[in-house]
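Engineer: Now for the letters of each chain:
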Amino acid sequence: MPAAVKIEGLRFTRGEGPDRFELRVPSLRIDPGRHTAIVGPSGCGKTTLLRLATGILLPDAGSCEIDGVRVDRQSDRDRRGMRARKVGMVFQQFALLDYLSALDNILLPARIAPGPGATAEVRRRARDLARDCGIAGVLARKPAKLSQGERQRVAICRALVMRPMLIVCDEPTGNLDARRSGEVIDLILSEARAVDATVVAVTHDTGIVGRFEGVFDLSAAPADRARVAVGATA
Amino acid sequence: MTGSAYLALRYALHHPLRTGVLAACVAVALALPAGSRAILERFESSLYARARTVPLVVGAKGSRFDLAFSALYFRATDLAPTPYREYAELLDEPSVRAIPVHARFTASGGDVPVVATSIEYLETRGLAPDEGRVFARVGEAVIGSRAAERLGLGVGGWVFSDQRELYDITSPPSVKLDIVGVLGETGTPDDDALIVDLETAWVLEGIAHGHDEAEEIERADLVIGRSEEHVALSGAVVTYQEITDENAASFHLHGPRDNLPLSSILVYPADDKARTIVRTRVDASAAAQAIVPTRVIDDLIAFLLRIRALIDALSAILLLSTLTLIGCIGVLSYRVRAAEIRTLGEIGCARGTVGLMFAFEAGGVLAVAGAVAGVVTLAALGLAEPLMRAGL
Amino acid sequence: MRLRLLALACCVWLVGCSESGERAATPTEPELERAVYATAYPVAYFAERISGGTVPVRLTVPEDADPVSWQPSAAEIAAFQGARLVVTNGAGFEGWVGSAPLARSRIVESTRAFEDELLTIETATHSHGPGGEHTHEGIDPHTWMDPVQAQRQARAIASAMGEAFEGEDFDANLAALIEDLASLDRGFRDAGLEGLSLLANHGTYNYLARRYGFEVRTVDLDPGSEDVVAAVEAVRGAIDESPALIMLWEAAPAEIVASALERELGVRSVVMSPGERRPGSGDYLALMRENILRLAEAGR
Chain A
1 MPAAVKIEGL RFTRGEGPDR FELRVPSLRI DPGRHTAIVG PSGCGKTTLL
51 RLATGILLPD AGSCEIDGVR VDRQSDRDRR GMRARKVGMV FQQFALLDYL
101 SALDNILLPA RIAPGPGATA EVRRRARDLA RDCGIAGVLA RKPAKLSQGE
151 RQRVAICRAL VMRPMLIVCD EPTGNLDARR SGEVIDLILS EARAVDATVV
201 AVTHDTGIVG RFEGVFDLSA APADRARVAV GATA
Chain V
235 MTGSAYLALR YALHHPLRTG VLAACVAVAL ALPAGSRAIL ERFESSLYAR
285 ARTVPLVVGA KGSRFDLAFS ALYFRATDLA PTPYREYAEL LDEPSVRAIP
335 VHARFTASGG DVPVVATSIE YLETRGLAPD EGRVFARVGE AVIGSRAAER
385 LGLGVGGWVF SDQRELYDIT SPPSVKLDIV GVLGETGTPD DDALIVDLET
435 AWVLEGIAHG HDEAEEIERA DLVIGRSEEH VALSGAVVTY QEITDENAAS
485 FHLHGPRDNL PLSSILVYPA DDKARTIVRT RVDASAAAQA IVPTRVIDDL
535 IAFLLRIRAL IDALSAILLL STLTLIGCIG VLSYRVRAAE IRTLGEIGCA
585 RGTVGLMFAF EAGGVLAVAG AVAGVVTLAA LGLAEPLMRA GL
Chain W
627 MRLRLLALAC CVWLVGCSES GERAATPTEP ELERAVYATA YPVAYFAERI
677 SGGTVPVRLT VPEDADPVSW QPSAAEIAAF QGARLVVTNG AGFEGWVGSA
727 PLARSRIVES TRAFEDELLT IETATHSHGP GGEHTHEGID PHTWMDPVQA
777 QRQARAIASA MGEAFEGEDF DANLAALIED LASLDRGFRD AGLEGLSLLA
827 NHGTYNYLAR RYGFEVRTVD LDPGSEDVVA AVEAVRGAID ESPALIMLWE
877 AAPAEIVASA LERELGVRSV VMSPGERRPG SGDYLALMRE NILRLAEAGR
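Just so you know, the sequences run in chain order A, V and W. Note that this note's numbering has the first sequence beginning at 1, numbered continuously upward. Note that this note's numbering has the second sequence beginning at 235, numbered continuously upward. Note that this note's numbering has the third sequence beginning at 627, numbered continuously upward.
Hints were generated in silico from the structure; no laboratory data involved. It cannot be assumed that every hint is accurate.
Claimed, not checked - Pair ranges (Cβ atoms, derived):
# : chain 1 : residue 1 : chain 2 : residue 2 : range
1 : A       : A178      : V       : L559      : 49 to 55 Å
2 : W       : E655      : V       : K507      : 16 to 22 Å
3 : V       : G390      : W       : G829      : 42 to 48 Å
The C-beta atom is built at its ideal place from N, Cα and C for all residues, glycine as well.
So here's chain A without its partners, still in its complex pose (with noise of 0.2 Å):
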């Protein structure tokens, strides 16, 4: 069975003289229905990391590979069309459309992937979702007549309406107090287990590091950043 995440040997850089950055992971693996966090101080890389994990961004060197397949050597294309199959995505500020209904905004992904849209089965899994989150009453509403946390709940069953094998979280507990976010954090956890999913999460929440069952810090040494993260290898 191939990793769901397979890194190894990458190097990527961005930027000129003092604002130069510098990311380098020799090696990173992460098994299929595993949940890791990967933590680290700001700007050591933890988003970057993802975005290379998922195809966003491409490597300078070294190799990516979700699901056993080496995205760094896939067309665009075929990239977007991973992750719109692959990957769900929890983003920092949750990324909502302002113009879509909360309904609307969890079937995105199944409206712009290539295939059947939002068919019947997906919209009941949509509402599936939303009544496990405890947003099934706030539906027909758009962002703006959200709450913060409603939101976070729309973007969590947008990740997941795909069946996505991969679940990504950037900072998934930015902006709430503690107790929230162990709620949020059990919920994506829970949801992606029921669904057999492999999450990665980037957090500076050491609150909720240890919920995850391996820990992957970027915060050591960034020149010399061999470590596998704890227990997510095999």
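Following the hints, put chains V and W in place on chain A, whose structure we already have.
Structural biologist: Coordinates of chains V and W only, in the frame set by chain A:
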């Protein structure tokens, strides 16, 4: 595909003002040229359709336009009348069908032109009564379908002709015209007219009148003089204003028929030879002219085309500026929505899908604008129809 | 986007254009009854002879009506309006035709060609206030009484029928009619009327008089009247002015009047029917032949 269309629709509906203004701008830019062209086109084809029905019009010398519009659209003009003689002479011409028209009168307060002509006019124009019959004597009239509807008149109804000089008591009085038939609709100016026999027009002119037999008038105050063979009647002898079956026979002309007035003569030569004969004959006349209605319309249209060219130029500028506006809004919109586009890309939305979304939005706005422009154009045409009828 | 725009503009344009139905330039031809409508018996007879049965000839003036004063009803007018050809005597004989709403191009006025040669008779005039006096048409309409004039009328009718009924050949029929009318002419010539002075009960015989060189004076008498005294008085007055031996009557006068005129004044009564209406038996030709016979007999 449906997804991008759906998103485009959602976006457009989320910003109704923006979408509305955009659609309205495009609609105006489309409706102006389309509407003006359509109206002019309709105007033009309606003019030509009418003009083509008459190969030649003979009438008094003067404005060709006046003559054409008097003959085709029954517009009262200042043109001198043409004597009946011209018509009588054309009647003698073999291979020429000539139809006299005297269209100087109106009825019902100027509302309806009274077209005095011969039964051949109805025949030639394919005008047959849907109801009732054609006129069988002086004072009887058939009415066009639209005029009948507008005035609420049917067979058995009547209408008074308009007196031309209301305050001149010596001018011929208005005459009651009995409606004996309602013509089928033809979509031509005939639908708006009251059509009577030529003889009736001469009653309206005061040239023909009816009264009791002079010999039988007993009242001394009405007879100025009486001799063996002559009875002089007072001007106070009341001429009939209402023509009935009983007094119709008493209507008589004063003066020779040859000098009686016509406003125009419609001429249908059977062939080129007959046409040439008519033109030669009329050209030789000092007072008459022969015109080809389609040529007159050609000249009119040439003028209208210049107006259209102007409108077209304005429309082109308007359209161009609207397109620029749409372009600007498109670019701005793309910038404003950059974050959204990035999110969509990260979720896995193909580049084409995003493009399609924008295309659908623009297409939708254009489609709505086009539909609005279409409706506006049709409405304008609908409004133009009565305007045209009133204007002609 | 521009393409779409163009397409839209085209749509709008087409909607605008498609509704403007254009009518044919050629005039509509009316559906007309294939028949000749005549307004008086003499011309009806001519038309019947010319037609020889190929085209129906209808004389719709009622038997008892005077063709001069007859006023057709709307339905009767409608029949005339729908006829391929309307044949009239003209010369003011059919008073109603002038003002009737008929298709002028389908009327053949048989006396039109010799309008200028028609005789005028005096009738009443009247004037309205300062408008000037006018005389009601005073043309003698009995043109067909003169068989030579009748030939011209027949030719005019035949020519119009030839135009109205394409493909029909009326030449032989016309020739036969002309020959019959010519025989009437010979009959009148042989009757020895030239230079005679005749009386008549009505102004019916002016054309005959002009053609055959006799004088005729009208003594207005009603053939139906049995007022012998009045008749004798009137005729005496006339022959006192200028002697006459024969008086022409449109219809047979009362026997006592005729015999009194002959006995007391030596004036013979001769019936000279104008044939304004269809005779009970025979036809125009027979009627005229009888007229000639009676005239010749009286002249003897």
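Engineer: Does each hint fit the structure? Answer for all of them.
Structural biologist: Now the hints, each set against the structure:
In this structure, A178 (chain A) and L559 (chain V) meet the distance hint of 49 to 55 Å, their C-beta atoms being roughly 51 Å apart. Separation of E655 (chain W) from K507 (chain V) is about 20 Å and conforms to the stated range, judged on CB atoms against 16 to 22 Å. Checking the proposed 42 to 48 Å range against G390 (chain V) and G829 (chain W) shows it holds: the Cβ atoms sit about 43 Å from each other.
When held up to the earlier numbered hints, the structure conflicts with none and fits them all.
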